[in-house]
Amino acid sequence: MHQTKVRVAEDALDANTTIAHANRADFDRESVSVVNLMSAPGAGKTSLLEAVFRSGLGDVRPGVLEGDVQGSLDADRLSHLHVPVTQLNTDGGFGGECHLDANMVRTALPSLGLADIDLLIIENVGNLVCPAEFRVGEDLKAMVCSVTEGEDKPLKYPLMFRTCDLVVINKVDLLPHLDYDLDALLRNIESVNPGVETMLISARTGDGVEAFRDWLVHVAEREGVPA
Amino acid sequence: MHELSLSSAILETAVRHAEGRPVKTVELTVGVLRQVVPASLEFYWDIVTRDTVCEGSRLDISVVEAVVRCNDCATEWTLDDPIFACPSCKSTDVEVLKGTEFMVESLDISEVEEAAI
Chain A
1 MHQTKVRVAE
11 DALDANTTIA
21 HANRADFDRE
31 SVSVVNLMSA
41 PGAGKTSLLE
51 AVFRSGLGDV
61 RPGVLEGDVQ
71 GSLDADRLSH
81 LHVPVTQLNT
91 DGGFGGECHL
101 DANMVRTALP
111 SLGLADIDLL
121 IIENVGNLVC
131 PAEFRVGEDL
141 KAMVCSVTEG
151 EDKPLKYPLM
161 FRTCDLVVIN
171 KVDLLPHLDY
181 DLDALLRNIE
191 SVNPGVETML
201 ISARTGDGVE
211 AFRDWLVHVA
221 EREGVPA
Chain B
1001 MHELSLSSAI
1011 LETAVRHAEG
1021 RPVKTVELTV
1031 GVLRQVVPAS
1041 LEFYWDIVTR
1051 DTVCEGSRLD
1061 ISVVEAVVRC
1071 NDCATEWTLD
1081 DPIFACPSCK
1091 STDVEVLKGT
1101 EFMVESLDIS
1111 EVEEAAI
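Residue numbers (our numbering), protein chains in the order written: chain A, 1 to 227; chain B, 1001 to 1117.
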């Protein structure tokens, strides 16, 4: 028996990236813009989407792909708002995957009804680490960061904060009750991802939700949604 | 959890290149910006490789520091904290040169010779 060295020189996530490109091609073919929405568990992704869908997105027809380790609680909340929601559970694997990858999204494509939507929001599994690594075929990445999480989070999870095109800062209605240094959070976000767009919102009171709604409409319209 | 997902991705790549031959070592280059804990990756490696050609193999991990260059004044520096602003001119127009790698570089494979079978 002897040993041979086999040169590989391949990004370990190449297989995922290839599938992500295939997803993207399918989305483009149907003129669907895609946002990958990420956050820590409980930051308010679903509440934010509820707030947005309550007032609607004008002419933009949204759809949601809901990623959860288990259950359909979030999907149930959104389906009441007459938005097509597809549930994708990740618990088939090793104790439940903590993120969506390109292949999981690919398996859900046939149920998404791409011909009938202009904007797909992929609500990723709540986690500030793994989802940042796996592209799923999105146009843009957005994250929700709530003020109950601590100002230091951008410095602790720079991979997530750096990968996002938008950071939505949620639960600002709680600021009067918290010892929270909002300026420090904004400084930390700027350090990790200089120039990234930020928004202050409260999904509970509705403050600032309009800005996120406009951002989504803008993302969808870039792909040529009829006005 | 992060390392579990990543070790599965490494395994998928290694198995594809091993073409059925038993793997002894997987050489890996990981940039610090990937926030991978090598010890954690090794722990999960032993689990995900069970019943595969990589079972019993070792991960040989080279960690790459993050090197950043300022596009305004061309200063290059090694990142200690995730602060993406030039230490010389404070510009935030900076480019990451190294530190985002997550590469399977090579595999050491055992070749069983005909005579030994």
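Mixed in with the good hints there might be a few duds.
[Stated by the list, open to error] Straight-line distance between alpha carbons at most 25 Å, and here's what the computed SDA-like set of lysine to any residue pairs gives:
#  : chain 1 : residue 1 : chain 2 : residue 2
1  : B       : Lys-1098  : A       : Met-1
2  : A       : Lys-156   : B       : Glu-1076
3  : A       : Lys-5     : B       : Glu-1076
4  : B       : Lys-1090  : A       : Pro-194
5  : B       : Lys-1090  : A       : Asn-16
6  : A       : Lys-5     : B       : Ile-1083
7  : A       : Lys-153   : B       : Val-1112
8  : A       : Lys-156   : B       : Val-1112
9  : B       : Lys-1024  : B       : Arg-1050
10 : A       : Lys-156   : B       : Val-1032
11 : A       : Lys-5     : B       : Gly-1031
12 : A       : Lys-156   : B       : Pro-1038
13 : B       : Lys-1024  : A       : Lys-156
14 : A       : Lys-5     : B       : Glu-1101
15 : A       : Lys-156   : B       : Arg-1050
16 : A       : Lys-153   : B       : Arg-1050
17 : B       : Lys-1090  : B       : Asn-1071
18 : A       : Lys-5     : B       : Asn-1071
19 : A       : Lys-156   : B       : Asp-1081
20 : A       : Lys-156   : B       : Lys-1098
21 : A       : Lys-153   : B       : Arg-1034
22 : A       : Lys-156   : B       : Phe-1043
23 : B       : Lys-1098  : B       : Asp-1060
24 : A       : Lys-5     : B       : Ser-1088
25 : A       : Lys-5     : B       : Thr-1029
26 : B       : Lys-1098  : A       : Asp-181
27 : B       : Lys-1024  : A       : Met-1
28 : B       : Lys-1090  : A       : Gly-56
29 : B       : Lys-1090  : A       : Lys-5
By construction, these hints were calculated from the structure, which means they are not laboratory data.
(request) For the pair we were handed, A/Lys-156 and B/Lys-1098, check the Cα-Cα distance against 25 Å. (result) holds (20 Å)
(request) Would you check the hint for A/Lys-156 and B/Asp-1081, treating anything up to 25 Å between C-alpha atoms as holding? (result) Answer holds: A/Lys-156 to B/Asp-1081 is near 10 Å, not above 25 Å.
(message) Run the distance test for B/Lys-1090 versus A/Asn-16: straight-line Cα separation, threshold 25 Å.
(response) violated (36 Å)
(message) Run the distance test for B/Lys-1090 versus A/Pro-194: straight-line Cα separation, threshold 25 Å.
(response) holds (11 Å)
(request) Would you mind confirming whether the straight-line C-alpha gap from A/Lys-156 to B/Pro-1038 stays at or under 25 Å? (result) At roughly 17 Å apart (the allowed maximum being 25 Å), B/Pro-1038 and A/Lys-156 satisfy the hint.
(request) For the pair we were handed, A/Lys-156 and B/Val-1032, check the Cα-Cα distance against 25 Å. (result) The given pair, whose Cα atoms are some 13 Å apart, holds under the 25 Å limit.
(request) Sort out whether B/Arg-1050 lies within 25 Å of A/Lys-156, counting only the CA atoms. (result) Not OK: A/Lys-156 and B/Arg-1050 at ~32 Å, beyond 25 Å, violated.
(request) With a cut-off of 25 Å on the C-alpha distance, tell me whether A/Lys-5 and B/Ser-1088 pass. (result) violated (43 Å)
(message) Does A/Gly-56 sit within 25 Å of B/Lys-1090, going by the straight-line distance between their CA atoms?
(response) violated (42 Å)
(message) Please verify whether A/Lys-5 and B/Asn-1071 have alpha carbons no more than 25 Å apart.
(response) violated (39 Å)
(message) Given the hinted pair A/Lys-5 and B/Thr-1029, is their Cα-Cα distance within 25 Å?
(response) Holds, at roughly 16 Å.
(message) Tell me if the straight-line CA distance from A/Lys-153 to B/Arg-1050 falls inside 25 Å.
(response) The given pair, whose Cα atoms are some 35 Å apart, is violated under the 25 Å limit.
In this structure, the earlier hints numbered 1, 3, 5, 6, 7, 8, 13, 15, 16, 18, 24, 26, 28, 29 are contradicted, and the remaining ones agree with it.
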